[in-house]
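Chemist: Protein chains in written order, with UniProt numbering: chain A, 1 to 298; chain B, 1 to 298; chain C, 1 to 298; chain D, 1 to 298.
Since the hints were made in silico from the structure, they are not lab data. Keep in mind that the hints are not guaranteed to be accurate.
Identical chains blur together in the list; that is why a pair holds if it fits in one copy or across any two.
Taking lysine-lysine and the DSS-like style, the derived pairs with C-alpha atoms no more than 30 Å apart in a straight line are [said to hold, decoys possible]: (1) 47 x 92; (2) 47 x 266; (3) 202 x 20; (4) 201 x 47; (5) 35 x 47; (6) 173 x 47; (7) 20 x 201; (8) 173 x 92; (9) 47 x 218.
Next come the chains, spelled out residue by residue.
Protein chains: 4
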Amino acid sequence: MNLKIDTNEQQNSVLNNINKLTQRKILRTQCPDAKGLISKITNICYKHQLNIIQNSEFVDHRSGHFFMRTELEGIFNDEIFLADLGSSLPEKSIYELKSGIKQKIVILVTKEAHCLGDLLMKQAYGDLDVEICAVIGNHALLQPLVERFNIPFYLISHEGLTREAHDLAMRTKISEFSPDYVVLAKYMRVLTPEFVAFFDKKIINIHHSFLPAFIGAKPYHQAYERGVKIIGATAHFVNNNLDEGPIIMQDVIHVDHTYTAETMMKAGRDVEKNVLSRALEKVIAERVFVQDNHTIIL
Amino acid sequence: MNLKIDTNEQQNSVLNNINKLTQRKILRTQCPDAKGLISKITNICYKHQLNIIQNSEFVDHRSGHFFMRTELEGIFNDEIFLADLGSSLPEKSIYELKSGIKQKIVILVTKEAHCLGDLLMKQAYGDLDVEICAVIGNHALLQPLVERFNIPFYLISHEGLTREAHDLAMRTKISEFSPDYVVLAKYMRVLTPEFVAFFDKKIINIHHSFLPAFIGAKPYHQAYERGVKIIGATAHFVNNNLDEGPIIMQDVIHVDHTYTAETMMKAGRDVEKNVLSRALEKVIAERVFVQDNHTIIL
Amino acid sequence: MNLKIDTNEQQNSVLNNINKLTQRKILRTQCPDAKGLISKITNICYKHQLNIIQNSEFVDHRSGHFFMRTELEGIFNDEIFLADLGSSLPEKSIYELKSGIKQKIVILVTKEAHCLGDLLMKQAYGDLDVEICAVIGNHALLQPLVERFNIPFYLISHEGLTREAHDLAMRTKISEFSPDYVVLAKYMRVLTPEFVAFFDKKIINIHHSFLPAFIGAKPYHQAYERGVKIIGATAHFVNNNLDEGPIIMQDVIHVDHTYTAETMMKAGRDVEKNVLSRALEKVIAERVFVQDNHTIIL
Amino acid sequence: MNLKIDTNEQQNSVLNNINKLTQRKILRTQCPDAKGLISKITNICYKHQLNIIQNSEFVDHRSGHFFMRTELEGIFNDEIFLADLGSSLPEKSIYELKSGIKQKIVILVTKEAHCLGDLLMKQAYGDLDVEICAVIGNHALLQPLVERFNIPFYLISHEGLTREAHDLAMRTKISEFSPDYVVLAKYMRVLTPEFVAFFDKKIINIHHSFLPAFIGAKPYHQAYERGVKIIGATAHFVNNNLDEGPIIMQDVIHVDHTYTAETMMKAGRDVEKNVLSRALEKVIAERVFVQDNHTIIL
Numbered sequence: 001m002n003l004k005i006d007t008n009e010q011q012n013s014v015l016n017n018i019n020k021l022t023q024r025k026i027l028r029t030q031c032p033d034a035k036g037l038i039s040k041i042t043n044i045c046y047k048h049q050l051n052i053i054q055n056s057e058f059v060d061h062r063s064g065h066f067f068m069r070t071e072l073e074g075i076f077n078d079e080i081f082l083a084d085l086g087s088s089l090p091e092k093s094i095y096e097l098k099s100g101i102k103q104k105i106v107i108l109v110t111k112e113a114h115c116l117g118d119l120l121m122k123q124a125y126g127d128l129d130v131e132i133c134a135v136i137g138n139h140a141l142l143q144p145l146v147e148r149f150n151i152p153f154y155l156i157s158h159e160g161l162t163r164e165a166h167d168l169a170m171r172t173k174i175s176e177f178s179p180d181y182v183v184l185a186k187y188m189r190v191l192t193p194e195f196v197a198f199f200d201k202k203i204i205n206i207h208h209s210f211l212p213a214f215i216g217a218k219p220y221h222q223a224y225e226r227g228v229k230i231i232g233a234t235a236h237f238v239n240n241n242l243d244e245g246p247i248i249m250q251d252v253i254h255v256d257h258t259y260t261a262e263t264m265m266k267a268g269r270d271v272e273k274n275v276l277s278r279a280l281e282k283v284i285a286e287r288v289f290v291q292d293n294h295t296i297i298l
Numbered sequence: 001m002n003l004k005i006d007t008n009e010q011q012n013s014v015l016n017n018i019n020k021l022t023q024r025k026i027l028r029t030q031c032p033d034a035k036g037l038i039s040k041i042t043n044i045c046y047k048h049q050l051n052i053i054q055n056s057e058f059v060d061h062r063s064g065h066f067f068m069r070t071e072l073e074g075i076f077n078d079e080i081f082l083a084d085l086g087s088s089l090p091e092k093s094i095y096e097l098k099s100g101i102k103q104k105i106v107i108l109v110t111k112e113a114h115c116l117g118d119l120l121m122k123q124a125y126g127d128l129d130v131e132i133c134a135v136i137g138n139h140a141l142l143q144p145l146v147e148r149f150n151i152p153f154y155l156i157s158h159e160g161l162t163r164e165a166h167d168l169a170m171r172t173k174i175s176e177f178s179p180d181y182v183v184l185a186k187y188m189r190v191l192t193p194e195f196v197a198f199f200d201k202k203i204i205n206i207h208h209s210f211l212p213a214f215i216g217a218k219p220y221h222q223a224y225e226r227g228v229k230i231i232g233a234t235a236h237f238v239n240n241n242l243d244e245g246p247i248i249m250q251d252v253i254h255v256d257h258t259y260t261a262e263t264m265m266k267a268g269r270d271v272e273k274n275v276l277s278r279a280l281e282k283v284i285a286e287r288v289f290v291q292d293n294h295t296i297i298l
Numbered sequence: 001m002n003l004k005i006d007t008n009e010q011q012n013s014v015l016n017n018i019n020k021l022t023q024r025k026i027l028r029t030q031c032p033d034a035k036g037l038i039s040k041i042t043n044i045c046y047k048h049q050l051n052i053i054q055n056s057e058f059v060d061h062r063s064g065h066f067f068m069r070t071e072l073e074g075i076f077n078d079e080i081f082l083a084d085l086g087s088s089l090p091e092k093s094i095y096e097l098k099s100g101i102k103q104k105i106v107i108l109v110t111k112e113a114h115c116l117g118d119l120l121m122k123q124a125y126g127d128l129d130v131e132i133c134a135v136i137g138n139h140a141l142l143q144p145l146v147e148r149f150n151i152p153f154y155l156i157s158h159e160g161l162t163r164e165a166h167d168l169a170m171r172t173k174i175s176e177f178s179p180d181y182v183v184l185a186k187y188m189r190v191l192t193p194e195f196v197a198f199f200d201k202k203i204i205n206i207h208h209s210f211l212p213a214f215i216g217a218k219p220y221h222q223a224y225e226r227g228v229k230i231i232g233a234t235a236h237f238v239n240n241n242l243d244e245g246p247i248i249m250q251d252v253i254h255v256d257h258t259y260t261a262e263t264m265m266k267a268g269r270d271v272e273k274n275v276l277s278r279a280l281e282k283v284i285a286e287r288v289f290v291q292d293n294h295t296i297i298l
Numbered sequence: 001m002n003l004k005i006d007t008n009e010q011q012n013s014v015l016n017n018i019n020k021l022t023q024r025k026i027l028r029t030q031c032p033d034a035k036g037l038i039s040k041i042t043n044i045c046y047k048h049q050l051n052i053i054q055n056s057e058f059v060d061h062r063s064g065h066f067f068m069r070t071e072l073e074g075i076f077n078d079e080i081f082l083a084d085l086g087s088s089l090p091e092k093s094i095y096e097l098k099s100g101i102k103q104k105i106v107i108l109v110t111k112e113a114h115c116l117g118d119l120l121m122k123q124a125y126g127d128l129d130v131e132i133c134a135v136i137g138n139h140a141l142l143q144p145l146v147e148r149f150n151i152p153f154y155l156i157s158h159e160g161l162t163r164e165a166h167d168l169a170m171r172t173k174i175s176e177f178s179p180d181y182v183v184l185a186k187y188m189r190v191l192t193p194e195f196v197a198f199f200d201k202k203i204i205n206i207h208h209s210f211l212p213a214f215i216g217a218k219p220y221h222q223a224y225e226r227g228v229k230i231i232g233a234t235a236h237f238v239n240n241n242l243d244e245g246p247i248i249m250q251d252v253i254h255v256d257h258t259y260t261a262e263t264m265m266k267a268g269r270d271v272e273k274n275v276l277s278r279a280l281e282k283v284i285a286e287r288v289f290v291q292d293n294h295t296i297i298l
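Put together the whole structure using the sequences plus the hints.
Modeler: Take a look at the structure:
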């Protein structure tokens, strides 16, 4: 009987250890399309005794690429698993195993509070599962807001600096935190190609129009001048063509003749912050793939 | 007692005659803004014993203009009423008394059936209070559909004609019906300035994008290439700048990476027809005013 | 050289035969969740040399069920393929191989034209890939509309019949066409349990409210009385609890205090027809699965 | 020349005094409908040399009532102006002249931060023109958030108190601030009739469903159980029937089978906060009229 208890305890202990070792990870696969890819990948998962919690895949006929996002649960041996995958997938495949470790972001701002405030609130109250390492502004206006949420704020003024010098200072400060993503929460400056290249596919911007309409400065004033009946916002990855990077999310609201450029701006702020935070949520959940100038969201 | 009956009958007869004379009309006023305009106009209505059923007004601070739409009920003496109004309103005022007589439209089409079909259905079943005088196509494809609804179809092919000659033929045919509005229900040709000038502010077009994005040809293909996450449609008055006339109505739907240009086109058709018929409904209800390149919808 | 030509011809002939034999089919799998299901199913596809064109799957943790929709291309041997599947899947699995043969529907109507008209238009112009076998009305009002589209209309009046007798007559007529689905396009009668059981999970209804609000009669009047700021429509499978079957699709539009029950009805008609046709499109594309009182749309 | 300068100075001084005396006020009129009301009211404005900046009116045929909101600019003698109005309007008219003085609100909360945080952010950064006198919670959880925005937080726990005793304590504390409105920002307790009567038509609640669907507790769980494809939120005035007061604003978002009750809750939070803040904005702009169980928003 003692023995039996011992055995049970032993078993429990083994189970506990298994539970401790059990992890959830996300496999992201992006590769040239080929026959049998789902079968090959899921077989390898099965062989490694990794249970598929959720799986989504897509074949982009435009680019001839295959995309798959697989939530796995089990005991991982990353090295062997990825080696097995590598030998099964076509050349030029990209495959990553992402642990569920909280992703890190740095937020850049200028003077507008609404997008920043929404991210701070959501992060503080559990609706955005991310670590905000720092907020960096080229103005000091939002420093008190950030500090209320116990997050470090850095002022890097652009005054008296060339764009290159300012961007370099920004880039240096951002790099200290090795963030997974840089979020432009109404950061109202155009970035240098060096900056964009340095954080390639890692910079997410919110533009206050439904792109490709009203690219560039003062989109609400452009919208008012044109007399449109909808206004909107676009979250996108930044590339070197202004407001032309891969779009992640867009939304609009209806306006009418009673709106001025100012009341459009005010109404638009809710759209901007909603679109940015939803886009960021998809990105940090490892759901967003970039192919050429498009996004696939699984 | 006989007398009493007689009197009653006389009174009834008078009341009946009054009821017969009683009409509903819509007063549209568009003029430079000035103090006391609502007071002046409603006083004149009151003086003429016209009851205000519904009233809407707007001051456009951009242009400094005043707009008012007044649904009136009573016995109208149009000439005296309008003369009274004219002496009270500022110079350069536009004021019209619109009887509720059913407005007449001519519809132009090419090959696509959905917007046309929606207008035909709505007109046939009481959801669009308009007389469709004729449908004119530069292709014959939609003739059977139109004729099923007992509406005359005219084929005016553009084959072998210059744009000017074709437009002139179209204009001549349209003019036979003296329509209040010309509705371009996916009429896929650019109009000559002469055509546009001839039906100034009377041509309503549906463009298959959320303008000002994707002006011109193949907007869904442009949308697909750009990788947008919304597609839409815009109903607007036609002026001489392609897809740049005053916007009446716009709407969008969400799309994702699974859409091709073709499935965007298909999904977009419902948006197009909804936007066009809602815009037309506002126009024929005398609710739409044009000021510069904008619309005010009261 | 002749020989070579012959060989080529032979090869071409073989290729042509292969192309002729190559088909697209959709595999629908619905079963208790288990480990390795995706892997097992895709392996069998791979083994049968069936190429996966598109695949979607979902695990419903509420019911513990697994759902998968797989578009396959290749040369099918249905019997062996399904037997292979059957031996790999858990007990109580449902799996069907659907050929792309055009599905057949019968539409039931009463007096309202808009949903019917939208389906007729879409079917006639290629936006709804379905065969409309017949339209059956309990009133004659819509007969001319249906016949304009060269589709047979049957009048089965409910006058003087018990509900049971009328439903039986309807059911008998519908059964003549062996439809895949019965579409209630504003058919304003409550069905008997016998009728519902006979066409189990095959009856699609459009209800003119955002369910579960405003169940039953006159939902727009209920909406007007309640003073709501949105109105909507719900497409759902019919079960024996009025307006409580599994929901397929819902949408709403905004209304304000200027709306009456009548103008709500008018505005609502566009929502109703859009929601019904989009729901039907998903159903006939074999994308809709029913589990308990819910739908999974892949 | 000296004289001229003096005269100019005098004139400037007079103009300055006039400018100082010039105010903007909002006239709200709600009365039984009658002929000539717009004319009568605008005449009185004209006679008092008050310029109409913006005017909206509505006749509710359901109740036979007339509603008008008039933004006026000029030098006000409130007493005489209102007396003049009173003698012109029908019996049982309600008419108020609202100065643009910032309205005062008290916010009640329980544990959820999102609606509160949005109001705090908007008030702090100029998007909500209101004075937040205090936030009162029946839990202490949100105290730090409130205090970060330098607004007093009061904890009035319901523990160990009857509902009546707790409501009385809340009411007493609220009354200290004489607020124009009491905003329930996810205050998760049912109010006593005494409380509701005390702040009649002054309590604004946000309910996390599209009413009248999912009244009462756990609406997202109800929504999940029902398998709806939309979720939403409703801002309404509170009366003594749970979730049945006059609706101010509603909105929805689309959901699908991948949502759980928890992810519905998370996605719904953005809708809730948007709907509440937009409703509050309309209310404090004096745009919302209540008639029976409906709102008219001018």
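Chemist: Which earlier hints can't be squared with this structure?
Modeler: Hints 2, 3, 4, 6, 7, 8, 9 not satisfied by this model.
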